[in-house]
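Residue numbers (this note's numbering), protein chains in the order written: chain A, 1 to 491; chain B, 492 to 1037.
Everything labelled a hint here was simulated from the structure, so no lab data went into it.
Keep in mind that a hint or two might mislead.
What the hints assert, rightly or not - Restraint ranges, calculated between C-beta atoms of paired labels, are given here:
(1) 159(A) x 670(B): 57 to 67 Å
(2) 786(B) x 400(A): 45 to 55 Å
(3) 977(B) x 45(A): 23 to 33 Å
(4) 890(B) x 364(A): 27 to 37 Å
(5) 164(A) x 856(B): 24 to 34 Å
(6) 507(B) x 430(A): 27 to 37 Å
Positions of the beta carbon are idealized from the N, C-alpha and C atoms, including for glycine.
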Amino acid sequence: MHRYETAVLSALKKRHAMQLDELMSSTGLGRDEVLWALENLSKLSYASIDKETGYEVLLSKEGKKYAERALPEEELLKTLSLKDLKAADLSGEQRIGLQWCLKLGLAAVKSGRVSITPKGRDYKGRIKSGAVLTELSGNPDAYAELIKKDKESLKQLESRGLISVKEKPRIKSIEITAKGIHAEVREETDTIDLITRDIIANQSWKGKEFKKYDVSVDVEQEPMATRHPLRNIINEVKGVYSGMGFTEISGPIVEPSFWVFDSLFVPQDHPAREAQDTFHVSNPESMPLVGDEYVAAVKKSHTESWKSEWKHDEAEKTVLSTHTTNASVRYIRDFVKKTLDDEKYEPELPLKLFSVGRVFRNENIDFKHLADFYQTDGIIIGRNLTLANLFDTLIAFYDRLGFKVRFKPAYFPFVEPGAEIFIYSEKSKSWIEVGGSGIMRAEVTTVSRQKLTVLAWGLGIERILLLRDAGISGINELYNNGIGWLRSRKM
Amino acid sequence: MPNVSLDTKYFMKRIGSSIALDKLSEQLYKMGFEVENADEKEIKIEVTANRPDLLGAVGMARALRYFMHKEENYLHSIKDGAPALTIAVDGSVKGYRPFISGIVVKDIKLNDAAIADLFSFTDKLCDTFGRQRKKLAIGVHNLGAIKGDLVYTIAKDEKMLALREKSLMSYSSIMQKNEKGIKYAGTLDERKGYPVLKDSEGTLALIPIINSERTKLTDSTRNLFVDITGTSEYLVGKAADLLASIFMELGGKVSKISVRYGTTSRKFPLMEHQEFMISLAKLESEIGVEIGFNNALSLANKMGYGAAFVNNKVRFTVPEYRLDIINEQDIIEDIAIAYGYDYINPVTVPSVSPGRLEAKDAFFEKASVALVGMGFSESMNSYLSSSSVNFTKMTRKHNAGEAVTIKDAKSANIEILRTSLLPSLLSDLSSSKHEKMPQRLFELDMAFYVKRKQPVESYHVAAVSIDSGSNFNYSKSVVCSLLSALGIKFEAKAGSDPSFINGRCAAVIVDGKSIGIFGELHPEVLRNFGIEEPAVAFEIDLTGLY
């Protein structure tokens, strides 16, 4: 008998029924070691193990927040009990609350006004699922009891992503059998169990047998340190680009509006520039532009093409970049300047460049929307480049990432012709939009189009991961960074 | 991008024949418009922002008829004659809402569906393209109710009987009480007065807010006057052309009106048709396909252009209703769309040099691999943070002006760009209580400050280890291993950082400069993040090291 087995059996002889943790502390053995010994003892019918279904319950970030305060529908109901609200004024969270209130018949919407129903007014105390959530946050083990009483609330919490539940068999009790009580506790001495330094040094294994282990024994997984799945995708994308002959560039994140909008021919009164969509910065509120000939050229093309006044201060307003195209357009500007300043400067064409970076949108953050996420931009500067060249490049790019591509005509102020890019998702069996592309307008490149053409595109990165990894449900999950989530990712 | 919803029955009638809904969606997709929803009652289409002429059933059906070769395109024209109406523009509108145009439509008969679509079209046009009526607004009147010539002027706070109101109201009370007045308050500067259109009997419209009850349309109205005002002379003129084309499609007879500015006067609609000469070679070489002359003309017609073959080039005549054609690239795109994006055969761009990544990538990879090797998992967090998480929870002081600060964020917990990575990591770990120990996370990414009123963007590496055995020496051994793997020599000096325990924290000194900090995190900081086990951490600014 192995010494783990003798230890466990001796302990059980003293106290006939024990819990796993009691066994661990009385034998001084680890969890895996006790489990292994028990497995063997039960095969010998010395011990019987009673297993039951156990649950591992984790609260998501949102789940925790609601457990501390209250569910959005509870908050909304509280507000509604004081006054009606305009549907259009509801915040993102209140909207979630409204959906559930409507479902439960606690609130009603009539011609744009949200009000509490008589049923809602009668509602005293907490909504069931809210109470359940709070109870779980205090004691995750309560799940096993709760599932018997209120399965519906638990299901709802899980489908809302507030809790996650994994089934995990749990040892209920361990008992020694009659056979075990009478069994002799004897350690085997003629077989070798644990290999020690001495055994190797003294060659004392010679003439002895190694104890055979049960290789089918259950073990816990070794916790693994990992790269972030999103970083893996970013690195993969960079690898695809460099394999296709692209050189990496990068651009700033805190930018004057000029490089995010004006230089890309986005008119100054375009709604995308407003605080509704773009993060405006109050410190530093503006970033001075050097009034060079390029700024003058941008001013001229805006004034002529958009038939409205172009304001220098508007272009100096600081924003967080809404795309990575600012890196491309800054590069194009430097390139053009070099070719203008130095007649002998003749780089080999086509130039292929890409960037990957964080971009920002003023969004209400929820499971579908983030306020910052990744984008990649690519450009090719060359002679006689065509739409057929653009399509080929994007088809090749996505082919290496495992996706089929389709193009739809589309409008972006800085490219013409323009195309939206759709990739086919096997997961949802549909075409999904992943970005925009086109041939840069002459107004943007300020390169005579007779000589040079610039192909350009901007693509989302997170999408690729979402479409590939069946285990990831929403974009916000990518930035959760729960250590358990990171440890359980497939590479 | 604006969404338009069209009445399915009316739309099909305008197209001229019934088309299966899925075939319709496919055709629109090929033209560049996504159908969000289509059923027997309603068709919802996402229209690109450059095509105001497609914001209603009339324009969209016209484009579809051409695209599907159901109809030969034609360009509308209107005979010059005595103006059907005259508008005198007062100098006072200058610098406020300076431009006006308009059209007169006669003998038009519109059923309910047509009227509903027409008003939905003008509303969409003014809300999206017209920037909530600031840049462009349209009013439709019963021509028969207008007495004499019109004056466009800035008035003081006078009274009018506004559409659907029961009694006379002053302009200022319309702005405060009427639904449209409230909605479009942003278009006016009431201190400067009120832009109005008047005839001999009084106010026809408070512009760009509301028309008068007197000139409202009735079932028997057959003759219309449409006013168009705005801040861009070009758009106000082109919008008259667009509306004229829509009313002509609907069977109305459009006549010109005269707008008098002082001594000069202009006639609207202009019915301007821009012309572009583009060589076939240029078309083919931009798109990357062979087209041929005959096909080029047919593709041009498919997109509604007039086209002819002149001196080895294609002469494109742009229909009056297109507001988006700035230069020949816009036309080339239309030809590519007509050719079909699905039919463009991809052609590979040769590479002349191998690809290359930025130097920092390799350095960052080395650091990341070293940390994973020491058991740290990589975390990636938002760059956006709040003063509370970034400073208060860390018991660090938020000095005025040091962080890049964001205005008007929709999310309440977004105020600044983070200045440090540790708060992000501690927030991540606050939700991992039930996971196996040790819990180790690192992040290598950007942090931001403001220095001399300029933003500074830098890369930091930071890590946190939570474990009952974590102590200062462990944090030092991790920093030593990491920096030695990266080939960086450093010195540890007693450091001070309120997030760490005083006396158990060291500054990382490289070339005499402090570039980071490591040690045991202060229990108060841990509690602030809901962490109940001891933790050590480091954060190093990598600027200048790679």
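Numbered hints the structure breaks, given as an ascending list: 1, 2, 3
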